[in-house]
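Spelled out from the first residue to the last, the chains are:
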Amino acid sequence: MALLEVKKLHAAYGQTRVLHGIDFTMEEGTITALLGANGAGKTTTLRALCGMVRTEGEVRFAGHDIGRRKTEDIARLGIAHVPDGRGTFLNLTTEENLRLGGYARRDKKAVEADIERMFGHFPRLKERRRQQAGTLSGGEQQMLAVSRALMMKPKLMLLDEPSFGLAPLLVRELFQILRRINDAERVSMLLVEQNAAMALDLADQAYLIETGRVVQSGSAAALKRDDSVRKSYLGY
Amino acid sequence: MDALLHQILAGLATGGIYASLALALVMIYQATHLVNFAQGEMAMFTTYIAWSLVNAGMPYWAAFFITIVFAFAMGVLIERIIIRPVEDAPVLAVVVVFIALLVILNSVAGWIYTYTIKSFPSPFPKDAFVATKYMSPHEMGAIGITLVVLLLLFAFFRFTPLGLAMRAAAQNPQSSRLVGIRVGWMLALGWGLAAAVGAVAGMMVAPIVYLDPNMMGGILLYAFAGALLGGIDSPGGAVVGGFAVGVLENVLGAFVIGNELKLPMALVLIIGVLLVRPSGFFGKVHVTRV
Amino acid sequence: MTRKQILLIGVLLVIACALPFVVSNYRTFQFTLVMVYATALLGLNILTGYNGQISLGHGAFYALGAYCAAVLMDQAGAPYWATIPAAAAVCLVAGFLFGLPALRLEGLYLALATFALGVAMPQLLKYDHFAKWTGGVQGIVIAKPEAPWGLPLNPDQWLYFFTLAVTLVMFLLAWNLLRGRIGRALVAIRDQHIAAEAMGVNNAIYKSLAFGVSAMYTGVAGALSAIAIQYVAPDSFNIFVSIVFVVGIVVGGLASISGALYGALFIQFVPNIADEISKAAPWAIFGIFMIGFVYLMPTGVAGAVRLLLARRKS
Amino acid sequence: MKAKFVTASMVLALAAFPAAAQKKYDPGASDTEIRIGNTNPYSGPASAYGTIGKTIAAYFTMVNEQGGINGRKVRFITYDDGYSPPKTVEMARKLVEQDQVLFLFQTLGTPSNTAIHKYMNMKKVPQMHVATGATKWNDPANFKWTMGWQPNYQDEAKSYVRYLLKEKPNAKIGILYQNDDYGKDYVKGIKDGLGAKAKSMIVAEVSYEVADPTVDSQIVQLQQSGADVFFNITTPKFAAQAIRKAYDIGWKPLHFLNNVSTSVASVLTPAGLDKSVGLISTAYIKDPTDKQWENDPAIKKWQTFMKKYYPEGSLIDNSNVYGYTVASTLHQVLKQAGNDLTRENIMKQAASVKGLKIDTLLPGIVIQTGAKDYAPIQSVQLMRFNGKQWERFGQIIDSSM
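From first to last, the protein sequence lines stand for chains G, D, H and Z. When we follow the working numbering, the leftmost residue of the first sequence carries the number 1, and every step to the right adds one. When we follow the working numbering, the leftmost residue of the second sequence carries the number 1001, and every step to the right adds one. When we follow the working numbering, the leftmost residue of the third sequence carries the number 2001, and every step to the right adds one. When we follow the working numbering, the leftmost residue of the fourth sequence carries the number 3001, and every step to the right adds one.
Check each hint, because a few of them may be wrong.
[Stated by the list, open to error] Subject to a maximum C-alpha distance of 30 Å in a straight line, what follows is the list of computed BS3-like cross-link-like pairs (lysine-lysine):
(1) Z:Lys3300 <-> Z:Lys3354
(2) Z:Lys3308 <-> H:Lys2132
(3) Z:Lys3073 <-> Z:Lys3275
(4) Z:Lys3388 <-> Z:Lys3172
(5) Z:Lys3024 <-> Z:Lys3168
(6) Z:Lys3301 <-> D:Lys1133
(7) H:Lys2132 <-> Z:Lys3307
(8) Z:Lys3354 <-> Z:Lys3123
(9) D:Lys1126 <-> Z:Lys3073
(10) Z:Lys3348 <-> D:Lys1118
(11) Z:Lys3166 <-> Z:Lys3301
(12) H:Lys2132 <-> Z:Lys3024
(13) H:Lys2144 <-> Z:Lys3136
(14) D:Lys1118 <-> Z:Lys3388
(15) Z:Lys3252 <-> Z:Lys3168
(16) Z:Lys3307 <-> D:Lys1118
(17) Z:Lys3123 <-> Z:Lys3335
(18) H:Lys2144 <-> Z:Lys3291
(19) H:Lys2279 <-> Z:Lys3388
Since the hints were derived computationally from the structure, they do not count as laboratory data.
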């Protein structure tokens, strides 16, 4: 059974309809990329999965119908969303941000250990643990956002443009870490990226979205070879 | 010199009243980023509950804690039932609901309990060794209780996951939902806590000013001023601010400008301070992001 | 304006003019008060609704306007009609001056500052050293104007038409002001003050001006009320006047000219209804009405009317 | 048989009211009904006084159940004015112009009554027995249609001063007063009473606002001034605070407490009975919570009345005895007016009450009016609190002397 199954997903902001029936599935343990131009509906898709916009259609996650559930309940089922803008709690310290990630977990004891584990992944955060998160640099905040999501021990992570605003070197480092986590902890990831080349390198599967519909799908490797994809998104 | 000392100490006693209500205001502010104008009336109303319990023969401390529980429940219910439907309405619509709550509670209290003043018992011994002519044992005890409440709140927000979640929910509700925090309940919890703090304030204030439906009416403005002076997002600041307002008011009234104009003058000074230091004494300076 | 709107306003005007000949003097007097409140609420709405600066103390300007009228009539023997522009000028200046420091205050801080103003005003009015002019705690009793030029109107009717004329002028002025560049600038400052600045709107000037104009409106209303009630006293202007004004603009509709009228009807008549329902706890009933209105019409009566019209069209 | 009875009662009526043989009515009166208007603060900052209006309403319910006044039922129409003069004007007009009441009765508050003073006199509608202690209501030459009822504040203050000048001519006086018309009226009374000595004798004069939480700071100021006489011109809550605070800081002046706040149960008990020993005040109404009236038949009667007609009302609130007593006064005036229920006659009858005794008034206090005397109660008696109850002393004094 697929971890995530999306059928005929529609979404709208007020009167403006953004998604017009998206279909896709995701297997457990995989990394899937959603590609598309600005305004195609990638971010909205992620938001729709988390119940942050009004939707129609069916969304099944790990056997639960989550199409009508509230954001916090979806999060508690094991979907961790790293939103665009990173969603940092700016006035709380780095450590408190991490602790919030573990807020809904039942295994409170393991939370402390996990915080240390995150510091293992991102040593920069450890140096900043008592600082207000608002004072962190963009890259550090991105790391914090990913760590906060990981603190939730999710089955599925939704990553909205994790590379945005980061120096290329940092992006590479971040993606390596994501890969490592995916390998080691079998966390599935749904990735939205402008940087299609890097996304396809990381991902197993990919879907191409245009104006609120899936127009193409396949393995990352296959899409990378596809001519039209190359022309439109990879730029060579 | 004795006159000044006496006025300052009397000011601290009154300031304790402002401080305790200011603390409740800060509580709600932390949870909802709104100032609840009905806070004083809620405190007054719960104090009547305590009064009824004590009058029915219940020991003081039993009544004290039952009232706190009652106040907490009342706060939660008010949020869930009355405030919830206007959660997404413009801020001023919520303010109108606060005003409505204020007049309803005031009026209903007058209706049930009449307007004659009632004396409310103090838990502190009348002739404690600390009694001086400057401050009664109750006034000192009340200040002590306010500080204990402050300490408890500080510990709650700083060291418990729930306290952390409440702070998070107030700051960034969207992100809070994403980590599984039930933001709606955090708001209700904030209301409950504020009402509970208010109940303590009411029970500490009532022995000093006597219990009547308008008991908190005049105090709200001072508490509001104290909260802002100390820093609206800082419980400790609110308490310091409350004391500062109490002392300032007395000193102005007795030595500087006379009683008729002490309130306008105190407010002018406070606003002057806020012009120079907008976040108050202890408030966090927020980074505004465009 | 569309022809339909002009027609509607014409009909309303005819009704307004016919009213005092149809209803009793007492009702005429009540509707005079409604217009007074409408003008006051329009003032507050310019500041709070359009410009986003909250004021919990507009009763202070209402009081200032009322005392201007009363003191001028009582001490200087000024004719009642001349006190209106005088009150307008005084309140414009007072509002503008108060608006200057208020520039640095936002949200809660402005709420506190205005709240403080509202609470402090009655204390200033009864301050001993001003009592020579203000009458101190006793207030000032003034005479009721008679209809001039031998018009066959009784004093209530005359007062009604006088108030109607002033109110119309004030509403027309506001309408002119708010639909144009200034109105857009005020709204821009409310919604996106940094962006507005970037677009070349001088926030400081506009915000203090909004304060001044708003105070002027409320002051004119205060002067009208003094003439209508024939009496001013510190007790007439306690903090609840300010609070009720806020309730009025929210229930009527923020950032809406017609909302001022709806709000005025609410604050004039709903307390009377509440009193009829329960002597035991009239305020409780009034509070329930407030909550009811906010629930049913979160954008005020004006907003609900707008929605209704839009729905009928589509 | 029936006709005979009617004639008989006509004869009786003729005998009792020779001048009012014919029925004469102004708006608000008829064969079956007398409509009376009233405004009271049922909401707002002064809502504590609203209970007076409710007591009066209950009183007339009782009167109606017992057959009304001269066979007519009383319809008591009362509106909330929130203690806001503009609202009082609106409501007074509603009562006079729309509800067509015969007259207004017990409209409450000095500012509220000032606001309608001119209107009522212009309309020639009685503004009867207003509920305020200002002096200006006793002015029949200029305001023929307005009449007070209770002893006025200035006169009360003067009776304290007279006592003080006799007992302690070298006193240093400290005054605490509410910063409004009521407080300032008392202060004026004190100063007028002291005359030229006012400047030298008054060493401190401090005020408070109704919205102040406490008057502790003011009491400290008064003590620091070195005053040895304390005029306590405060409403119940502040009176209790002041009595307690003065005691707690060890200030022991000769303490005059105004009549507004003499209730044993709702002022002195909260303040502490031991702390209230030695207070001097005046009274004209029996305090239902004072031990000496515990078994007084009038107070018993009042309690029965409260329980039956106003059960939610407080049995320890002096205002409710006040309301009962003032309604009794009006009851008498209306009885006297007989069948001539014109506004002119109501005023005339109100101004010719001779030595009326009402059993809830203190013994010796009577209601007395005349064409030139629009102050129904002018006699008061000084009293001192002994820790258990008020002890009246000295003679009943005509406070206007």
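Consistency of the hints with the structure:
no. : hint                    : verdict
1   : Z:Lys3300 <-> Z:Lys3354 : holds (26 Å)
2   : Z:Lys3308 <-> H:Lys2132 : violated (50 Å)
3   : Z:Lys3073 <-> Z:Lys3275 : violated (48 Å)
4   : Z:Lys3388 <-> Z:Lys3172 : holds (28 Å)
5   : Z:Lys3024 <-> Z:Lys3168 : violated (57 Å)
6   : Z:Lys3301 <-> D:Lys1133 : violated (45 Å)
7   : H:Lys2132 <-> Z:Lys3307 : violated (49 Å)
8   : Z:Lys3354 <-> Z:Lys3123 : holds (27 Å)
9   : D:Lys1126 <-> Z:Lys3073 : violated (55 Å)
10  : Z:Lys3348 <-> D:Lys1118 : violated (43 Å)
11  : Z:Lys3166 <-> Z:Lys3301 : violated (39 Å)
12  : H:Lys2132 <-> Z:Lys3024 : violated (47 Å)
13  : H:Lys2144 <-> Z:Lys3136 : holds (21 Å)
14  : D:Lys1118 <-> Z:Lys3388 : holds (19 Å)
15  : Z:Lys3252 <-> Z:Lys3168 : holds (15 Å)
16  : Z:Lys3307 <-> D:Lys1118 : holds (21 Å)
17  : Z:Lys3123 <-> Z:Lys3335 : holds (24 Å)
18  : H:Lys2144 <-> Z:Lys3291 : violated (52 Å)
19  : H:Lys2279 <-> Z:Lys3388 : violated (36 Å)
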